[in-house]
Amino acid sequence: MATEQSNERYNAPVREKYWQKVWQDKKTFCTSNDDERPKYYVLEMFPYPSGRIHMGHVRNYAMGDVVARFKRAKGFNVLHPMGWDAFGMPAENAAMQRKVHPGEWTYQNIATMRSQLKMLGLSVDWDREFATCDVEYYHQQQKLFLDFLKKDLAYRRSSKVNWDPVDNTVLANEQVIDGKGWRSGADVEQRKLTQWFLRITHFADDLHASLDTLDRWPEKVRVMQKNWIGKSEGALVRFALDEQKCPDGFSQIEVFTTRPDTLFGASFCGLSPDHPLAIEIAKTNPELKNFIKECERAGTTQEEIDTAEKLGFNTGLTVTHPLDDNWQIPVYVANFILMDYGTGAIFGCPAHDQRDLDFARKYELGVTPVVVPSGEDIESFQIKEEAYTGPGKLANSRFLDGMTVKDAKKAIIDKLDETGSADRQTQYRLRDWGISRQRYWGCPIPIIHCKKCDAVPVPIDELPVKLPDDVSFDKPGNPLNHHPTWKNVKCPSCGAKARRETDTMDTFVDSSWYYARFCSPKADVPVEREAIDKWLPVDQYIGGVEHAILHLLYSRFFARAMRATDHLSISEPFAGLFTQGMVNHETYQDESGAWLAPVYVRIEGDGFDRKAVHDKTGEPVTIGSIEKMSKSKHNVVDPDDIITHYGADTARWFMLSDSPPERDVVWTDAGAEGAWRFIHRLSRLVDDGVELMADHDTPEPAKIGDKAVELRRHTHKALQAVGTDIEGLRFNRAVAQIYEFTKHITTALKNFKRDNQGEAFALREAFTFLIQMFGPMMPHLAEDCWARLQCNTLLIDSPWPTPIKALLIDETIKIAVQVNGKRRDELTILIAAANDDIEKAALELDNVKRSIGDKKVRKVIIVPKRIVNIVI
RNA sequence: GCGGGCGUGGUGGAACUGGUAGACACACAGGACUUAAAAUCCUGAGGCCUUUGUGCCGUGCGGGUUCGAGUCCCGCCGCCCGCACCA
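Going by this note's numbering, the first residue of the first sequence is number -1, and it counts up by one from there.
The hints are simulated quantities; they were obtained by calculation from the structure and are not laboratory data. For every residue, glycine included, the Cβ atom is placed at its ideal position computed from N, Cα and C. Hints may contain errors.
Unchecked claim - Between beta-carbon pairs, the in silico distance windows are:
hint, residue 1, residue 2, range
1, 91, 242, 57 to 65 Å
2, 94, 597, 25 to 33 Å
3, 181, 372, 54 to 62 Å
4, 287, 396, 37 to 45 Å
5, 824, 31, 50 to 58 Å
Unchecked claim - DSS-like, lysine-lysine: derived pairs with alpha carbons at most 27 Å apart:
hint, residue 1, residue 2
6, 281, 158
7, 25, 520
8, 614, 629
9, 741, 72
Throw the hints in and build the complete structure from the sequences for me.
Set out below in structure tokens:
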């Protein structure tokens, strides 16, 4: 780490500040909405202002910045904004722990992180910056909410929530650990609360189907979203209840099934313990009441669900088979049926569903196979421990017998349809999005509750509903709830005493449309139509894969909902998505087992002798596994330390080198040192080059010698390769290309002469292109080197050069010559050589002759420009 | 259990539609410069072999297709990620 740089010419931290000021003074990165050039919108997921930036941010924003700077050089009008995902719980926790107002805490963090990000030298248009906790932002969000409400895309209903009785708050699922609140440790209760929902299920089918159009998204993310939406096509089948025996108001059970073809294999019907009929029966049946209670008590942890036994309770009721009046089917309440999915009721066909089979075996219900796989026959086919879920021909199923599963599905639904006992239906796993949070630091839901008028929207001209500043976090629960003057208002509709909605919105709402707001960040409407039509969709979105489902799905929903409310005209907000890997680091523990930060650790030796000791005390330190940088394991490297010591370009370059961007990268001191050394090598190389290269604007000489032409070939090939690699976000390969090209220049520099016009010209070209190639990755160094070329422009204003095609193609090529598939020699030959000539030349090679010996050549395979294979 | 991905030197990783495996970097070793060190520059390097060669082996393992397989197919093994009683 402590490398002397006093005798180095390039002082990165100083030069970086200098160039950042140059760009800032020229307002270089301010993007105009009235620019005629083709647009390119590059966006990285905006950060949560937690306090300080971490290496994950550096990696994320470095990648985005490479794309932004590259596209700018390619002549695009680039939009590259930055903002803050600024609402959320940590601010309230800070308020409770440190008695600091959430707003103050948040804006201070933003100030710190903004200055840290600025040190990275990102080509960001800071004029468009906003935080989601800015009143101006959530004001517009409240308008969107009211628009959604009008279109029935927002609504209110009662739903179960995880309630922490100590903190008086609702907990997200991930905040419930082993059934206890993550903060209070109290047993979490399931409570019914009236909550606001966004009707994401309205777009379920489109959200599902449109995934196929997102060809610039990672397959992985699309698959995850598909699973999350969970589309399944089937039928809603109605089973008539024996009305004599069942409670008033119930006459049938509706079940959803994806296997209506197995209806003749049904041996029971099952109800969820939460099913209204089950609850109704339980009122007069204490045994069932007990059973339902037991189901509720059953754990929710993974292990418990995995090992839970299928349990049921026979209600004594029966239903009639929809296609046979004489067929009575028993009705059970069963613990494995979810009220949340389908209708909360099923029919059980044990032969072809594992869960039903487990259940049937336990309660000794009939198991009739109705689908027989090919190769088996009806007489002998038996279901033992495993249900058969594969394809086959129907059997034991009356008019369906002999049909395939697919045909049978259609036939039976048609039949059921005739008698009115079934409908085709598509079910989704996706639930509507509950956005109510019983917290202070979020966007207030602009609603006033009146006893007479119910939930009344706050009139548009009374928006925004601002968060009150004078709140206290001394009492548990939501401060908005015990703020009398804020909470108690008059009903906008009848003027009677009323109270504000004290819930605020899930912070995922804030991040579901920020990409749109950046197009017109100051507008007094959520989005300006003209701006948004120009900029959206985002051409390249970059962020962590941890947002693969929720954030991206919610954003896709918002685009659709905003289209439905006439705010915009597209439905897919992100045309290209890239999910980058994490930044990892070794972990260290001292003798007491406490985690140690890397700054306190000194590494000695290498390989098997590699040891770590405490930098101060010299005590031995255990080197642990490589893990994601996290506060809990203390294995974090602070970008600030790196930037102040090595400069931003080192951090950026290292984050882009080596590891493919979608994979995890390990931060090592050695790697950072390597990047730093390369920066200085480049700097020296440019200084040496300036001595030999032609002056700025020297025209191409008429004759250029072989050596110079060779360098030019390398130059143009590298340019081409780096361009395509950046375009394809293969930054690690672009980096490797630059290293390789640097070697070529180094060699040329040793052999070239200033008074050779061709060589001087080729050198100038090589350096010019080299600087442009690494410019997007190390913009400060590049700008500095560019200035040394004395061409009186800024690199940032220089267009990406176009490679000359003729220089991309070699005249001769080296190809391998194999004998029986084993490489024996190689052949340098004109690229345009005829196959006959290649064969002749190959057969004349000494090594080839020797390998052939006196054997007969049976066949010669020639793939032009690739290989010769001689078969003997 | 289901779905997706991956497995290449000491390490991170290259290798386009099957066509010279190991680019590039890190670490390492040797050399140059230096009184010395650091820095820098140059060179070397997949493994095996008391046959150092015009040799053999080699991309998790075992088969297959092919003139030719890291790449395609079949079967295993291992690792990572996501989902999970979804009817």
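Consistency of the hints with the structure:
Distance hint check: the CB atoms of residue 91 and residue 242 are about 58 Å apart, consistent with the given range 57 to 65 Å. Here the CB-CB span from residue 94 to residue 597 is close to 30 Å, well matched to the stated 25 to 33 Å. Between residue 181 and residue 372 the C-beta distance comes to about 58 Å, which sits within the given range of 54 to 62 Å. Evaluation of the 37 to 45 Å hint for residue 287 and residue 396 yields a pass: the beta carbon distance comes to about 39 Å.
For residue 824 and residue 31, the hinted distance range of 50 to 58 Å is satisfied, since their beta carbons lie about 57 Å from each other. About 21 Å separates the Cα atoms of residue 281 and residue 158, which keeps this hinted pair within 27 Å; it holds. Between residue 25 and residue 520 the alpha-carbon distance is near 18 Å, which keeps this suggested pair within the 27 Å criterion. Only pairs whose Cα atoms come within 27 Å are accepted, and residue 614 paired with residue 629 is accepted, the gap being roughly 21 Å.
Of the pairs offered as hints, the one joining residue 741 and residue 72 holds, with about 26 Å between alpha carbons and a cut-off of 27 Å not exceeded.
The structure agrees with every numbered hint stated previously.
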